[in-house]
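S.K.: Spelled out from the first residue to the last, the chains are:
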Amino acid sequence: MLHKFVFWWKRFLLGARHAWQNGSLFYVLAALLLLPVWFNPVTQQQSSVQDTLYVIDISESMNVRDVDYPKPHSARLELAKHAVRSSMSQLACGSRVSVGLFAGDETVVLFEPLEICQHFPAIEQVVARLDSRMRWIGDSWIIRAMLGGIKEAQKRKLNLVFISDFDEMPHRSAPRLTDLLEVKGKVKGVLLGVGGEAPQPVPRLNGVGEIISYWTPEEAVLEGNHPNLLSYVKELKPGEKAPDGVLDEVGEHLSAFNRSMMQSTAAAATMDFLHIKRPQEALPILQNVSYQKEALAERDARWLYTLPAIFLILIGWFWQKLSRIFTRNFYFRF
Amino acid sequence: MRIKLFFLRYAARILAVFTLVFFALAFWQGYAWREALAGNVALVNRSLAKHTVNPSDHWQAYGIGYLQAADNKPQLAARAFTYAEASNDSEIRARAKYALGNLYFGLAMKSANIEAGGAHQQAVAQIELAREAYKGAIRLKPELYDARYNLELLDRRSPERRTMAWKAETDGVTLQPFKRNGTAMMRDNARRGLP
Numbered sequence: 001m002l003h004k005f006v007f008w009w010k011r012f013l014l015g016a017r018h019a020w021q022n023g024s025l026f027y028v029l030a031a032l033l034l035l036p037v038w039f040n041p042v043t044q045q046q047s048s049v050q051d052t053l054y055v056i057d058i059s060e061s062m063n064v065r066d067v068d069y070p071k072p073h074s075a076r077l078e079l080a081k082h083a084v085r086s087s088m089s090q091l092a093c094g095s096r097v098s099v100g101l102f103a104g105d106e107t108v109v110l111f112e113p114l115e116i117c118q119h120f121p122a123i124e125q126v127v128a129r130l131d132s133r134m135r136w137i138g139d140s141w142i143i144r145a146m147l148g149g150i151k152e153a154q155k156r157k158l159n160l161v162f163i164s165d166f167d168e169m170p171h172r173s174a175p176r177l178t179d180l181l182e183v184k185g186k187v188k189g190v191l192l193g194v195g196g197e198a199p200q201p202v203p204r205l206n207g208v209g210e211i212i213s214y215w216t217p218e219e220a221v222l223e224g225n226h227p228n229l230l231s232y233v234k235e236l237k238p239g240e241k242a243p244d245g246v247l248d249e250v251g252e253h254l255s256a257f258n259r260s261m262m263q264s265t266a267a268a269a270t271m272d273f274l275h276i277k278r279p280q281e282a283l284p285i286l287q288n289v290s291y292q293k294e295a296l297a298e299r300d301a302r303w304l305y306t307l308p309a310i311f312l313i314l315i316g317w318f319w320q321k322l323s324r325i326f327t328r329n330f331y332f333r334f
Numbered sequence: 001m002r003i004k005l006f007f008l009r010y011a012a013r014i015l016a017v018f019t020l021v022f023f024a025l026a027f028w029q030g031y032a033w034r035e036a037l038a039g040n041v042a043l044v045n046r047s048l049a050k051h052t053v054n055p056s057d058h059w060q061a062y063g064i065g066y067l068q069a070a071d072n073k074p075q076l077a078a079r080a081f082t083y084a085e086a087s088n089d090s091e092i093r094a095r096a097k098y099a100l101g102n103l104y105f106g107l108a109m110k111s112a113n114i115e116a117g118g119a120h121q122q123a124v125a126q127i128e129l130a131r132e133a134y135k136g137a138i139r140l141k142p143e144l145y146d147a148r149y150n151l152e153l154l155d156r157r158s159p160e161r162r163t164m165a166w167k168a169e170t171d172g173v174t175l176q177p178f179k180r181n182g183t184a185m186m187r188d189n190a191r192r193g194l195p
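Keeping their order, the protein sequence lines are chains A and B. Here this note's numbering is used: position 236 in the first sequence is 236, and no number is missing along the way. Here this note's numbering is used: position 184 in the second sequence is 184, and no number is missing along the way.
Source of the hints: derived by calculation from the structure; they are not laboratory data. Given the structure is predicted, the values throughout are model-derived calculations rather than measurements. It is possible that part of the hints are untrue.
To be verified - Partial pick of chain A residues on the chain B-facing surface, computed with a CB cut under 7 Å: (1) Asp-131; (2) Arg-133; (3) Met-134; (4) Trp-136; (5) Gly-207.
Stated by the list, open to error - Result set (SDA-like, lysine to any residue): computed pairs, CA atoms no more than 20 Å apart in a straight line: (6) B:Lys-141 <-> A:Asp-131; (7) B:Lys-141 <-> A:Phe-111; (8) B:Lys-141 <-> A:Leu-110; (9) B:Lys-141 <-> A:Val-126; (10) A:Lys-277 <-> A:Met-261.
Stated by the list, open to error - Computed Cβ-Cβ distance ranges for the label pairs, DEER-style: (11) B:Phe-23 <-> A:Gly-207: 40 to 48 Å; (12) A:Leu-110 <-> B:Arg-34: 37 to 45 Å; (13) A:Tyr-214 <-> B:Arg-34: 49 to 57 Å; (14) A:His-73 <-> B:Leu-76: 50 to 58 Å.
We treat Cβ as the ideally placed atom computed from N, Cα and C, and that holds for glycine.
Build the full structure now, drawing on both the sequences and the hints.
M.R.: Now the structure itself:
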C-alpha cells in the first residue's frame, strides 16, 4: 500500500515539475481560479443607486395610436413601455425596480422591488408583455391613481416614474388636487406624458389588439357620462347619429395628452414632468442626481477571478521566454 | 464513405438506442396520460373531493377546489384554490384566481343579504377579495373574458362602487350642469366602455 502511494507521489512530483518547466502549471492554476465563476460570485460595493417604481397607465385611452415610436401611428402604451425599458437599462446595478399598473382609480404593483442587473431580463419580459387588456376598468382617474402610486412608492422607499396621457375619464373641468397636496414632497419622481395633443377618437380593440371601431359621442352618452342627454340618445335607432350640435358637450369619446393636467398634478405633488415623443427624451430627466442615493449594492465579482486567470494564462503562454529571461538576468533556476 | 461505413457498422446499435429512448418517452407519455385520465375520471365521479390536497400538484388542487366549491364548502375550496394559485403555470394561476373571485363573489352576495343573517361589512370585504382575484386573473390572462365580465358585474352590484363616481365628482367647483337638475344619481358606475 505504502509502496503504491510512494510510486504515485513520485509520479505526481515528476508531472508537476514538467508542468512547471513547460508552463502548463499556470493553465491549471487559471482553471482552478476560474472555478468560482460558475457560482456567479458577487461583491458588496458602495454605489449610487436609483430605486424606482414605474407606474404605467393601461386605461383605454392609452390605445390611441398617435405617437410615432417605435413606428408611426403606434399606441401610447407602446411608447410608455419603451420609455420604461430605456430608463431601466440606464440604472446602475444595485438599483431596485418595481412596476405598477393603473386603471380607474387604483394602482397595482405587479411585483416587489427587484435588483435591476440580476433581474433585468425578467423585468423586461414583464414590461414587454404589458397589455391594455390587462386593465380592470376603462377609466383613468389620474389624481387618485397618482395618489396610490405615491403611497406604494413611499411604502417601498422608491422614486416614482408615472407614465400616462393624463387624459382623465370621466372628463372634468377642474382637477381636485387637495388629496395630492397632502402627500406633497413625500416621494421624488417624474411624470412622463405620452400622446399627441390633438384629440383623437378612442379605439375599441378586438381580442388580438386590432382596432375594430371607435367610440362615438352617442356611445359615450350611453355609458352614462351625460345623463341629461341619455333619454334623447336612447330614442335614436341603432347606428343613427344625433344631429349636429346636440352632442357638442360630449368629449369622452376623444382623447388627447392633457398637458395642463400633467403640470398641475406635478406641481401639487412637487414632481418633475416631461412630455416625451421618444423614450430617449426621458433619460436626462430620469438621470437627475437628486433621485440617486448611496447604498451598498451587489456587484458582479466574476471579473475579480477572470483578470488574474487571464494573467496566469499569459504567463503560461510565454513561460518559456520568461523563464529564459529570468535565468539569464537573475540567475534563477527553474 | 467513412460515414456510410460507420452507419453500416453501428446501424443496429444506433437503432436499438433510439428505440429504447422512444420507448422510454412513450412510456412516460403513457404514464402522464393515464394520470390525467385518472384525474379527469376522479373529477367526474367526484371522488377527487375525498383526496388530500397535494400542494405541489396544482391541477389536482384546482380540481379539488372546484368540487368543494360545488359542494358549498367555501373554506375548503378557497384553501385548495390558494394552493393552485401558487403554480408557476400562468394558465392555472389565472384559473385559480378566477375561481377564487367567483367564490368570494358568491360569499359576498350571501353576506349582502342582511335579512338572511348576512353582514354588510363582511360583504364589502368579500367584494374587495373578489375584485383583487378577478383583477389578478385578468392581468395573468387578458383574454379571460369571463373574469372581465364577472368583475364588471361585481362592480355594478357593489354598493360602494355604484356611488363612487357621483361622490368623486360632486363638489362646488366641478359641479356639472346635469347634476344640478337631479339626474346625477342616474350615473351609477362611470367608465369608458367595458373594462
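S.K.: Could you run down the list of hints and mark each one as holding or not?
M.R.: Hint by hint, here is what the structure shows:
Hint status for Asp-131 of chain A: holds, given a least beta-carbon distance of 5 Å to chain B, under 7 Å. Interface restraint check for Arg-133 of chain A: the shortest CB-CB distance to chain B comes to about 3 Å, inside 7 Å, so the restraint holds. Interface restraint check: Met-134 of chain A against chain B, minimum CB-CB distance 5 Å, threshold 7 Å, status holds. Look at Trp-136 of chain A: its Cβ gets to within about 5 Å of chain B, closer than 7 Å, so that hint holds up.
Of the supplied interface hints, the one on Gly-207 of chain A holds, with its beta-carbon coming within about 6 Å of a beta-carbon of chain B, less than 7 Å. Straight-line distance between C-alpha atoms of Lys-141 of chain B and Asp-131 of chain A comes to about 10 Å, which keeps the hinted pair within the 20 Å bound. Distance restraint check for Lys-141 of chain B and Phe-111 of chain A: the Cα-Cα separation of roughly 17 Å lies within the 20 Å cut-off, and the hinted pair is therefore satisfied. For the hint linking Lys-141 of chain B to Leu-110 of chain A, the alpha-carbon distance of about 14 Å falls within 20 Å, and the restraint holds.
Only pairs whose Cα atoms come within 20 Å are accepted, and Lys-141 of chain B paired with Val-126 of chain A is accepted, the gap being roughly 13 Å. For a cut-off of 20 Å, the pair hint linking Lys-277 of chain A to Met-261 of chain A stands: about 18 Å separates their Cα positions. Range check, Phe-23 of chain B to Gly-207 of chain A: Cβ separation about 42 Å, and the 40 to 48 Å hint holds. Look at Leu-110 of chain A against Arg-34 of chain B: about 38 Å separates their beta carbons, and that is inside 37 to 45 Å.
Taking the beta carbon of each, Tyr-214 of chain A and Arg-34 of chain B are about 53 Å apart, inside 49 to 57 Å as hinted. Between His-73 of chain A and Leu-76 of chain B the C-beta distance comes to about 52 Å, which sits within the given range of 50 to 58 Å.
Hint check: no violations occur; every hint is consistent with the structure.
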